[in-house]
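Peer 1: Here is what each chain is made of, one letter per residue.
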Amino acid sequence: MPRLDALGVTPQVRAALGSDVETAEELFMMAPGGRGGGGGMRGTGLGKQELQLLQVAVAEKTGPDTYLHASLSSSSICSTEAIQSEGKEEGGGRKRRAVLPGLDCACAHWKHQLEGVGEGGAMSTGIKSLDQLLSDSGGGVPLSQVTELVGPSPSGKTQLCLTLAAEVALTLSASVLYLDTNGCFCPRRLRQIVGEKYQRQQRQLQEASSSSSLPSPLPPDLPPPPPSLLDACLSRVSVLRVSNEKGLFAALDSLDQHLSCGHPLHRNLRLLVLDSLRALLAPLLGQTMPNGHYLLGAVGKMLNYLALRYGLAVVVTNGVVLEHSSPSSIPTLWGRRPALGAYWSLFPSLRLMLRLGGGGGRGGGREGGGDEAEEDFVLGEVAVYSAT
Amino acid sequence: MPLGKRRPLFTFDLEWPATQGALRRKGFRKAGELREALQKGKGEDHPILTASDLATRAFTPTTSDVDLIRTVLSEADESLNTPPSSSLPLPTSALDLLKAARQPATSTGSKIITFCRAIDTMLGGGVQRGQLMEIVGIPGSGKTQVGIQLAIDAQIPRSFRGAGGKAVFIDTEGAFMAERAAEMGQALIDHLQRILASNQCKQQQQQQQQQQAEDVAGLTLKTVLGNVWVLRCLNDAELMQTLQHLPAFLDSEPEVVLVVIDSIALPFRQDKMFQTESAVAKARVVNVMARELNALAEARNVAVVVTNQMTTKVDDAHSTVSSSSSSSSSSLAPTLGESWAPGPAVRLLLWTNDMGLRCATLQKHPGQAHSTVAFRVTTMGIRDVSSSSSSSSSSSSSSRKRPALPPRSPPPRQQQ
Numbered sequence: 000m001p002r003l004d005a006l007g008v009t010p011q012v013r014a015a016l017g018s019d020v021e022t023a024e025e026l027f028m029m030a031p032g033g034r035g036g037g038g039g040m041r042g043t044g045l046g047k048q049e050l051q052l053l054q055v056a057v058a059e060k061t062g063p064d065t066y067l068h069a070s071l072s073s074s075s076i077c078s079t080e081a082i083q084s085e086g087k088e089e090g091g092g093r094k095r096r097a098v099l100p101g102l103d104c105a106c107a108h109w110k111h112q113l114e115g116v117g118e119g120g121a122m123s124t125g126i127k128s129l130d131q132l133l134s135d136s137g138g139g140v141p142l143s144q145v146t147e148l149v150g151p152s153p154s155g156k157t158q159l160c161l162t163l164a165a166e167v168a169l170t171l172s173a174s175v176l177y178l179d180t181n182g183c184f185c186p187r188r189l190r191q192i193v194g195e196k197y198q199r200q201q202r203q204l205q206e207a208s209s210s211s212s213l214p215s216p217l218p219p220d221l222p223p224p225p226p227s228l229l230d231a232c233l234s235r236v237s238v239l240r241v242s243n244e245k246g247l248f249a250a251l252d253s254l255d256q257h258l259s260c261g262h263p264l265h266r267n268l269r270l271l272v273l274d275s276l277r278a279l280l281a282p283l284l285g286q287t288m289p290n291g292h293y294l295l296g297a298v299g300k301m302l303n304y305l306a307l308r309y310g311l312a313v314v315v316t317n318g319v320v321l322e323h324s325s326p327s328s329i330p331t332l333w334g335r336r337p338a339l340g341a342y343w344s345l346f347p348s349l350r351l352m353l354r355l356g357g358g359g360g361r362g363g364g365r366e367g368g369g370d371e372a373e374e375d376f377v378l379g380e381v382a383v384y385s386a387t
Numbered sequence: 000m001p002l003g004k005r006r007p008l009f010t011f012d013l014e015w016p017a018t019q020g021a022l023r024r025k026g027f028r029k030a031g032e033l034r035e036a037l038q039k040g041k042g043e044d045h046p047i048l049t050a051s052d053l054a055t056r057a058f059t060p061t062t063s064d065v066d067l068i069r070t071v072l073s074e075a076d077e078s079l080n081t082p083p084s085s086s087l088p089l090p091t092s093a094l095d096l097l098k099a100a101r102q103p104a105t106s107t108g109s110k111i112i113t114f115c116r117a118i119d120t121m122l123g124g125g126v127q128r129g130q131l132m133e134i135v136g137i138p139g140s141g142k143t144q145v146g147i148q149l150a151i152d153a154q155i156p157r158s159f160r161g162a163g164g165k166a167v168f169i170d171t172e173g174a175f176m177a178e179r180a181a182e183m184g185q186a187l188i189d190h191l192q193r194i195l196a197s198n199q200c201k202q203q204q205q206q207q208q209q210q211q212a213e214d215v216a217g218l219t220l221k222t223v224l225g226n227v228w229v230l231r232c233l234n235d236a237e238l239m240q241t242l243q244h245l246p247a248f249l250d251s252e253p254e255v256v257l258v259v260i261d262s263i264a265l266p267f268r269q270d271k272m273f274q275t276e277s278a279v280a281k282a283r284v285v286n287v288m289a290r291e292l293n294a295l296a297e298a299r300n301v302a303v304v305v306t307n308q309m310t311t312k313v314d315d316a317h318s319t320v321s322s323s324s325s326s327s328s329s330s331l332a333p334t335l336g337e338s339w340a341p342g343p344a345v346r347l348l349l350w351t352n353d354m355g356l357r358c359a360t361l362q363k364h365p366g367q368a369h370s371t372v373a374f375r376v377t378t379m380g381i382r383d384v385s386s387s388s389s390s391s392s393s394s395s396s397s398s399r400k401r402p403a404l405p406p407r408s409p410p411p412r413q414q415q
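For the record, the sequence lines run as chains E and P.
According to numbering that gives the first Met the number 0, the stretch in the first sequence is residues 0 to 387, in order.
According to numbering that gives the first Met the number 0, the stretch in the second sequence is residues 0 to 415, in order.
Calculated directly from the structure, the hints in this document are not laboratory data.
Just so you know, even glycine gets a beta-carbon here, dropped at the ideal spot from N, CA and C.
Treat the hints with caution; some may be incorrect.
Stated by the list, open to error - Rough simulated footprint, nothing fancy, chain E against chain P, three-plus residues with beta-carbon under 8 Å: (1) 285-298; (2) 340-348.
Unchecked claim - FRET-style restraints, in silico, Cβ to Cβ: (3) Gln209/P / Lys127/E: 53 to 61 Å; (4) Ala104/P / Ser234/E: 19 to 27 Å; (5) Met176/P / Gln203/E: 53 to 61 Å; (6) Pro263/E / Asp189/P: 36 to 44 Å; (7) Asn234/P / Lys127/E: 51 to 59 Å; (8) Lys300/E / Val279/P: 18 to 26 Å; (9) Gly137/E / Val229/P: 42 to 50 Å; (10) Ser234/E / Arg160/P: 25 to 33 Å; (11) Gln243/P / Tyr293/E: 22 to 30 Å; (12) Cys260/E / Val313/P: 49 to 57 Å.
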């Protein structure tokens with residue numbers, strides 16, 4: 000609960016607020032015009048707009064879990080008189096912006112967040128049926144959001160993550176960061192997937208170019224993909240092994256630093272995959288962990304922050320719990336529900352549930368938004384091995 | 000604003016509740032605040048954290064606390080202009096991983112074979128070191144036999160493209176039989192001697208042959224059995240203690256390349272003390288165990304093979320795609336539930352089909368296709384179904400015996 004004087008609010012402004020407004024929380028509870036939220040009339044000498052500006056500025060500085068784009072300049076909040084006098088001059092709006100330069104960007108970003116606008120659209124998965132399933136989010140994995148792949152083990156979650164990574168590395172020529180918790184990343188398999196994707200693309204190009212001629216019964220032999228291309232795609236995928244939540248925080252922190260200063264390692268990063276979040280974070284939930292939910296929330300917020308700030312698609316893998324194991328408010332699909340509890344389920348904006356099919360397919364159902372369209376589809380052999 | 004400055008202090012690896020509690024009482028929430036406080040000199044209006052300050056908050060007044068905080072803050076050192084500090088982890092590219100895996104120095108001896116070529120091919124060469132693997136099956140399906148065979152095969156010398164190390168066998172069921180291990184060990188020695196003899200007939204490199212001869216001479220039954228450490232655990236508390244001491248043991252014995260735990264399910268199922276805990280607590284213990292085994296495997300580059308039992312799971316109709324018309328069906332599933340299941344990277348199911356043939360199905364693997372092969376358990380150990388080594392005869396005979404379509408779970412014994 001940071002105090003206002005520690006944040007740099009000048010004594011004059013504090014006097015105008017009233018003597019009982021000491022901490023940031025109490026400032027937020029105030030409303031202009033004198034009626035405060037916690038009971039009792041709180042007179043304030045600030046006008047509505049000044050109070051709002053002050054609240055925004057203070058929130059930016061303390062903002063417990065709000066990460067904003069613009070950094071507020073470290074100059075302290077100026078006095079009430081200065082704000083009022085600026086407002087009285089003509090073009091007061093412009094003048095006010097000059098006085099507190101960072102606030103406009105902050106306000107714009109807050110508006111953005113409140114409206115829930117997902118910027119950047121979506122990234123195609125390379126699998127037509129999956130893109131169709133995700134047509135509501137733009138025909139693919141949405142950027143600037145956290146997507147969760149839910150399913151029992153094994154159900155193809157890691158394979159789908161590898162497929163997405165291959166798609167990004169090959170088609171978009173962008174880089175991928177893969178955070179691996181239990182050694183499930185297999186570079187040989189990734190190379191195989193990239194090779195088959197390339198061949199499939201070549202075949203489609205051939206068919207498109209030779210559509211006028213008679214279709215041949217057998218597909219012509221395609222040349223194998225050049226190893227330089229495969230190597231280039233593999234070099235765009237970076238892998239980091241994390242074994243506990245401290246390692247995860249360190250990894251996300253370093254990623255943020257690299258991205259903010261433009262490290263060449265993560266040039267054009269588009270996809271962040273966190274495989275098996277459940278294995279990492281499930282020990283946090285339980286009666287004996289003092290701050291387990293804090294850490295869970297911090298992870299969720301960090302992922303959302305990275306997604307929003309850098310326009311990444313963040314894909315997270317989660318496990319399932321059975322329907323009857325414990326009562327919960329999360330909806331269930333196919334008798335299962337995502338693990339890690341109801342609190343975690345607030346952080347991803349899109350959830351895909353996977354399960355193994357009976358005869359060579361995988362069923363993917365989309366969860367979230369009350370839409371439980373269930374479709375059985377077979378992921379092509381380019382990406383995932385079928386269940387037989 | 001970069002994350003580092005705003006990173007909450009509880010995400011750092013500080014002690015709870017001593018250090019964290021004291022910092023929180025002082026009003027520090029973020030790493031940036033603490034850094035600023037420590038950088039300002041004395042006499043400012045900001046509260047400064049000193050050793051005496053920490054002492055007044057009634058916990059152990061050691062300067063190591065302050066040192067710890069300082070190292071914490073050096074971790075969070077950030078600036079937009081300077082490059083990030085080197086203490087934070089850097090990822091490696093997949094290409095480098097692939098190249099490193101293909102280096103002959105690391106690729107030879109990175110897999111432990113089972114002497115059944117079909118299973119080894121299905122696994123991509125054998126059991127991979129540095130990974131956690133799970134073998135599931137009903138009692139009598141051959142899990143312990145595979146475990147003992149792997150413990151013996153871990154000692155195949157590097158000159159024969161084996162792992163060339165020792166093994167640890169943690170036995171919770173009492174199923175480890177030294178006589179069986181002796182039989183398998185003797186078969187291994189005979190097999191290696193046969194290979195050496197046949198190599199001497201062919202044109203081999205003199206150095207390699209000499210190395211092989213030396214290794215085979217050094218392998219007696221006594222040394223083979225002596226290279227397998229057997230630990231017997233009677234309940235889940237002993238198992239937990241053993242797992243806690245295992246890293247230290249592996250540090251003292253750096254030649255260990257394989258750890259077999261047979262089985263990991265029994266202590267959790269039968270011990271009364273564990274039964275009374277809540278499901279969440281049980282799930283957490285199992286999850287922590289999975290995580291620690293994974294960390295152990297990766298840190299010391301050992302293969303960890305864990306045996307799991309099967310339990311009957313009653314599924315509702317909509318949990319499987321191809322469900323029958325009955326309202327509920329029961330099937331066999333590995334025990335320890337979904338909190339354990341994501342832990343192992345590889346899962347192998349051992350079962351017996353209707354004709355009495357032993358089969359092994361790969362149910363989970365990061366890089367290999369799921370398939371089913373047949374194997375045998377003989378006096379000498381785990382072997383292929385067809386003992387001939389020629390490809391044509393073995394493929395025809397094995398294709399006859401290969402099961403038509405493996406079910407998702409082996410056929411349950413009980414009626415619907």
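Peer 1: Each hint: holds or not?
Peer 2: A quick look at each hint next to the structure:
Chain E is given as covering the segment 285-298 of chain P, and this holds because 8 residues of the stretch bring a CB closer than 8 Å to a CB of that chain, at least three being needed. Proximity of the segment 340-348 of chain P to chain E, defined as three or more residues with a beta carbon under 8 Å from a beta carbon of that chain, is established by the 6 residues found. Look at Gln209/P against Lys127/E: about 59 Å separates their beta carbons, and that is inside 53 to 61 Å. For the pair Ala104/P and Ser234/E, the beta carbons lie near 22 Å from each other, so the given range of 19 to 27 Å is met.
Range check, Met176/P to Gln203/E: about 58 Å between beta-carbon atoms, so the 53 to 61 Å window is met. Between Pro263/E and Asp189/P the C-beta distance comes to about 56 Å, which lies outside the given range of 36 to 44 Å. Here the CB-CB span from Asn234/P to Lys127/E is close to 53 Å, well matched to the stated 51 to 59 Å. The hinted window of 18 to 26 Å between Lys300/E and Val279/P holds, with their beta carbons roughly 24 Å apart.
Against the hinted window of 42 to 50 Å, the Cβ-Cβ separation of Gly137/E and Val229/P comes to about 58 Å, which falls outside the hint. Taking the beta carbon of each, Ser234/E and Arg160/P are about 29 Å apart, inside 25 to 33 Å as hinted. For Gln243/P and Tyr293/E, the Cβ-Cβ distance of about 27 Å falls inside the hinted range of 22 to 30 Å, so the restraint holds. Hint check: Cys260/E to Val313/P, Cβ distance near 55 Å, so the stated range 49 to 57 Å holds.
Violated hints, listed in ascending order, are 6 and 9; each of the other numbered hints is respected by the structure.
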